[in-house]
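Take a look at the letters that make up each chain.
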Amino acid sequence: MRYQLIGVNHKSAPLEVRERLAIPESRLPDTCRELTAYPGIEEGMVISTCNRVEVITHTVNGSADLRGFLHSHFHLKPEEVDPHLYEFREKDAVRHIFRVASSLDSMVVGEAQILGQVKEAYATARAVGAVRGQLDQLFSRAFAVAKRVRTETEVGSSSVSIASVAVELAKKIFGDLHGKTVFIVGAGKMSELAARHLMAHGCASIFVANRTYERAIGLAQKFNGQAIKFDDLYSTCDRADIVITSTGAPHAIFRREHGEQFLARRKNRPMFFIDIAVPRDVAPEMGKLDGIFTYDVDDLQQAVAGHVADRRQEAERAEAIIASEVEKFEARAHTLDVVPTIVSLQDHLETIRQAEIDRVRGRMGQLTPEQEIAIEALTRGIINKVMHTPITTLKTAAKEAEATTVVDVVRRLFNLQVKAKDAQQKDAQPVSKKDKDEVGSRR
Amino acid sequence: MPLLWLRFALACYFIGLVYAFVALSRTSDLFSRIALHAASLGMVFHFVSLAELFLSGHMVWTSVHNGESLLAFISMSFFMVIYAIYKTTSPGVVVFPVVFFLTFVAALDEQPVLLTAFVSHKGWLAAHIFLIFTGYAALLVSFGASLLYLLQERRLKAKKPSSLISFLPALEVIDQIGYRSLLLGFPFMTLGLITGSVVAITTYGHVDFLDPKVLLSLLMWVVYMVMVFTRWNSGWRGRRAAFLATFAFVAALAAWAANYFSAIHRFAAS
Numbered sequence: 001m002r003y004q005l006i007g008v009n010h011k012s013a014p015l016e017v018r019e020r021l022a023i024p025e026s027r028l029p030d031t032c033r034e035l036t037a038y039p040g041i042e043e044g045m046v047i048s049t050c051n052r053v054e055v056i057t058h059t060v061n062g063s064a065d066l067r068g069f070l071h072s073h074f075h076l077k078p079e080e081v082d083p084h085l086y087e088f089r090e091k092d093a094v095r096h097i098f099r100v101a102s103s104l105d106s107m108v109v110g111e112a113q114i115l116g117q118v119k120e121a122y123a124t125a126r127a128v129g130a131v132r133g134q135l136d137q138l139f140s141r142a143f144a145v146a147k148r149v150r151t152e153t154e155v156g157s158s159s160v161s162i163a164s165v166a167v168e169l170a171k172k173i174f175g176d177l178h179g180k181t182v183f184i185v186g187a188g189k190m191s192e193l194a195a196r197h198l199m200a201h202g203c204a205s206i207f208v209a210n211r212t213y214e215r216a217i218g219l220a221q222k223f224n225g226q227a228i229k230f231d232d233l234y235s236t237c238d239r240a241d242i243v244i245t246s247t248g249a250p251h252a253i254f255r256r257e258h259g260e261q262f263l264a265r266r267k268n269r270p271m272f273f274i275d276i277a278v279p280r281d282v283a284p285e286m287g288k289l290d291g292i293f294t295y296d297v298d299d300l301q302q303a304v305a306g307h308v309a310d311r312r313q314e315a316e317r318a319e320a321i322i323a324s325e326v327e328k329f330e331a332r333a334h335t336l337d338v339v340p341t342i343v344s345l346q347d348h349l350e351t352i353r354q355a356e357i358d359r360v361r362g363r364m365g366q367l368t369p370e371q372e373i374a375i376e377a378l379t380r381g382i383i384n385k386v387m388h389t390p391i392t393t394l395k396t397a398a399k400e401a402e403a404t405t406v407v408d409v410v411r412r413l414f415n416l417q418v419k420a421k422d423a424q425q426k427d428a429q430p431v432s433k434k435d436k437d438e439v440g441s442r443r
Numbered sequence: 001m002p003l004l005w006l007r008f009a010l011a012c013y014f015i016g017l018v019y020a021f022v023a024l025s026r027t028s029d030l031f032s033r034i035a036l037h038a039a040s041l042g043m044v045f046h047f048v049s050l051a052e053l054f055l056s057g058h059m060v061w062t063s064v065h066n067g068e069s070l071l072a073f074i075s076m077s078f079f080m081v082i083y084a085i086y087k088t089t090s091p092g093v094v095v096f097p098v099v100f101f102l103t104f105v106a107a108l109d110e111q112p113v114l115l116t117a118f119v120s121h122k123g124w125l126a127a128h129i130f131l132i133f134t135g136y137a138a139l140l141v142s143f144g145a146s147l148l149y150l151l152q153e154r155r156l157k158a159k160k161p162s163s164l165i166s167f168l169p170a171l172e173v174i175d176q177i178g179y180r181s182l183l184l185g186f187p188f189m190t191l192g193l194i195t196g197s198v199v200a201i202t203t204y205g206h207v208d209f210l211d212p213k214v215l216l217s218l219l220m221w222v223v224y225m226v227m228v229f230t231r232w233n234s235g236w237r238g239r240r241a242a243f244l245a246t247f248a249f250v251a252a253l254a255a256w257a258a259n260y261f262s263a264i265h266r267f268a269a270s
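One line per chain: the protein sequences are A and B, in this order. For the first sequence, the working numbering gives the first residue as 1, with consecutive numbering after it. For the second sequence, the working numbering gives the first residue as 1, with consecutive numbering after it.
Please note that a few of the clues may not be correct.
[As the list claims (entries may be wrong)] Okay, derived cross-link-like pairs now, DSBU-like style, lysine-lysine, Cα gap no bigger than 30 angstroms in a straight line:
id, chain 1, residue 1, chain 2, residue 2
1, B, K160, A, K11
2, A, K288, A, K189
3, A, K267, A, K288
4, B, K159, A, K288
5, A, K119, A, K189
6, A, K11, B, K159
7, A, K91, A, K328
8, B, K157, A, K189
9, B, K122, A, K171
10, A, K222, A, K11
11, B, K87, A, K171
12, A, K189, B, K159
13, B, K122, A, K267
14, A, K288, B, K157
15, B, K160, A, K189
16, B, K87, A, K267
17, A, K229, B, K122
18, A, K288, B, K160
19, B, K157, A, K11
20, A, K11, A, K119
21, B, K157, B, K87
22, A, K189, A, K229
23, B, K159, A, K171
24, B, K159, B, K87
25, B, K160, A, K171
26, B, K157, A, K267
27, B, K160, B, K87
28, A, K171, A, K189
Worth flagging that the hints you see were computed from the coordinates, not collected in a lab. Keep in mind that this is a model prediction, so the values were computed, not measured.
Using the sequences and the hints given, assemble the complete structure.
Right, dumping it as structure tokens:
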């Protein structure tokens, strides 16, 4: 349970900060590798969505300098980012991950996308070997918990996604959406979803522009729309009433002067920009123009705040589920905690047995195979009988909170490790060859 | 009797007035329905009042009070037409207070003020009043719509959750209400001014272009035309349109106020 987590989300940090921490999908594997190479970190993964950037790790000794990692990785000054960071450890980290996966920490509580995004981040980190035993357990449990929350509560039902909020806002601007034109800039799942919602509410035609023209064609075909070359973006954009933009461009692609051009060509008919890109695609300056309405990810969050209230009750039930799941997970983790102790205890006694048999062999000379088997069975029997009670006690204790105390006592009794503190910290690791050697050499 | 009916109407319009103030701060479906029913009832009383006045032969075309009452009624009719088309009571925010004020003044227990000039062509005068009042009502609605447009635009730009639950209709709907009443009002206003000139010419033999009433009416008409043109040509809306509409509205008020300074369009207590 040496989980440690650091991050920012839509509540803790403004978009300007999240923009700087966002990691493009293509760089995720490298970031994961870098993370696991960082001192004090055993396993690590990174979740980077438009609403959150989180670094989740399993550390060597329960406390790694994750802030230091963020500062060096993003070349940030501590004062720029530190006020916005939250950090969780152990049980709190587990709870946080469960909440994130179950979409209770989302901008729109109950939206389904976050689970998919977490799963992708997990798969990426796993593929590069940054996620192994500990994080593996945590996340497989988190996915199960998310499923449980989804099926047992109404949190996810009639999900008010960003997409449907975008539709409502569009209706506040245009009234009837029939006959309106939508322009998707940057083909992505999110923008596709928003476009689908808008079409369902009557929007008539659609344009798609993407850096990769083939992807634009693919998406345009899905909607019976028209693909536009990215170079023609500015010359065609004014034909759209609603623009959904989500490119991975590092800088704003729509600036004030573009907005002025569009409005002049449109005879000042209003335009609605839904900017779901992080970093933002629409410069804030452009949104100040009369007749241009820009909603970025944060604004959409504010707009949905009203809806969230309806779900508070369901969210409370979901929180209760999470609380009980965290308890269960913790108990299970403790069970795992005693396993290494049991293994080293077995190893310890086995070494003693082998040594004693060797000594007896030296005195008695060559033994017959029957004698060998008899001695083997006798010594093994004694050891198993002796070990039975301590092992049972350890396993029982593991299910309660006293596991560490019992582990401590057993280790001291059998002199498995000299320092009790170290024992506590090391016993959760899978027993490595080095551990066994240490145990053996201390005889 | 007509005065009594008018006062009943006034009581009903008062509910509309209260609605106008409340609607700005909160949204209540129930209250807007109550206001709508009260306004409809008020219109019935108002209609009875006007009809009785007309049928009894007491309708005095040159009376200011009768004119105010008629203008209020036409404005209310506009409001109802908009409600029938767009199912929104929000123009009431602007229309109700104006209607209430006009009805209130008209319902005062005073001798009606009359035009001092003797008018020979009653038919032309009636046409002039009807046309120009329709123009005024349209201008009022258009002015109201441009204010509501600004308000809604500001709400959408403020990006607060309340922007989704505001009492205002969609921005484009407000825009359409404003633009359509503008377009509708223009011919009425123009024809109203022409008939007015005809009445003036037949009464005085010429139109005195230096008279404040004539000057201000012309100014109002020019601003009105500029509004229609900028809207048609470059789609002016929002702040600029609201500025023009306010200007036109003030010009209209000034033209109305000019009745007290004009030599040819003067009212005086009979």
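Distance restraint between K87 (chain B) and K267 (chain A), which requires alpha-carbon spacing of 30 angstroms or less: 27 angstroms, holds
Mind checking the alpha carbons of K11 (chain A) and K119 (chain A) for me, to see if they're no more than 30 angstroms apart? Holds. K11 (chain A) to K119 (chain A) sits at ~22 angstroms (cutoff 30 angstroms).
For the pair supplied as a hint, K288 (chain A) and K189 (chain A), confirm whether the alpha-carbon distance does not exceed 30 angstroms. 28 angstroms, holds
Take the C-alpha atoms of K11 (chain A) and K159 (chain B), compute the straight-line distance between them, and say whether it is at most 30 angstroms. With a Cα-Cα distance of about 17 angstroms, the restraint between K11 (chain A) and K159 (chain B) holds, given a limit of 30 angstroms.
If you draw a straight line from the CA of K122 (chain B) to the CA of K267 (chain A), is it 30 angstroms or shorter? 45 angstroms, violated
Against the 30 angstroms threshold, does the CA-CA distance of K267 (chain A) and K288 (chain A) hold or violate the hint? At roughly 17 angstroms apart (the allowed maximum being 30 angstroms), K288 (chain A) and K267 (chain A) satisfy the hint.
Within a Cα-Cα threshold of 30 angstroms, do K119 (chain A) and K189 (chain A) meet the stated pairing? 15 angstroms, holds
Please verify whether K87 (chain B) and K171 (chain A) have alpha carbons no more than 30 angstroms apart. Holds - the C-alpha atoms of K171 (chain A) and K87 (chain B) are around 15 angstroms apart, at most 30 angstroms.
Within 30 angstroms, alpha carbon to alpha carbon, are K157 (chain B) and K189 (chain A)? 27 angstroms, holds
Just to be careful, I want the Cα atoms of K159 (chain B) and K171 (chain A) compared with a cutoff of 30 angstroms; is the pair within it? 14 angstroms, holds
Would you mind confirming whether the straight-line C-alpha gap from K288 (chain A) to K157 (chain B) stays at or under 30 angstroms? This hinted pair holds, its Cα atoms lying about 8 angstroms apart.
Could you grab the alpha-carbon distance between K157 (chain B) and K11 (chain A) and see if it respects the 30 angstroms cut-off? 21 angstroms, holds
Checked against the numbered hints above, the structure breaks hints 9, 10, 13, 17 and satisfies the rest.
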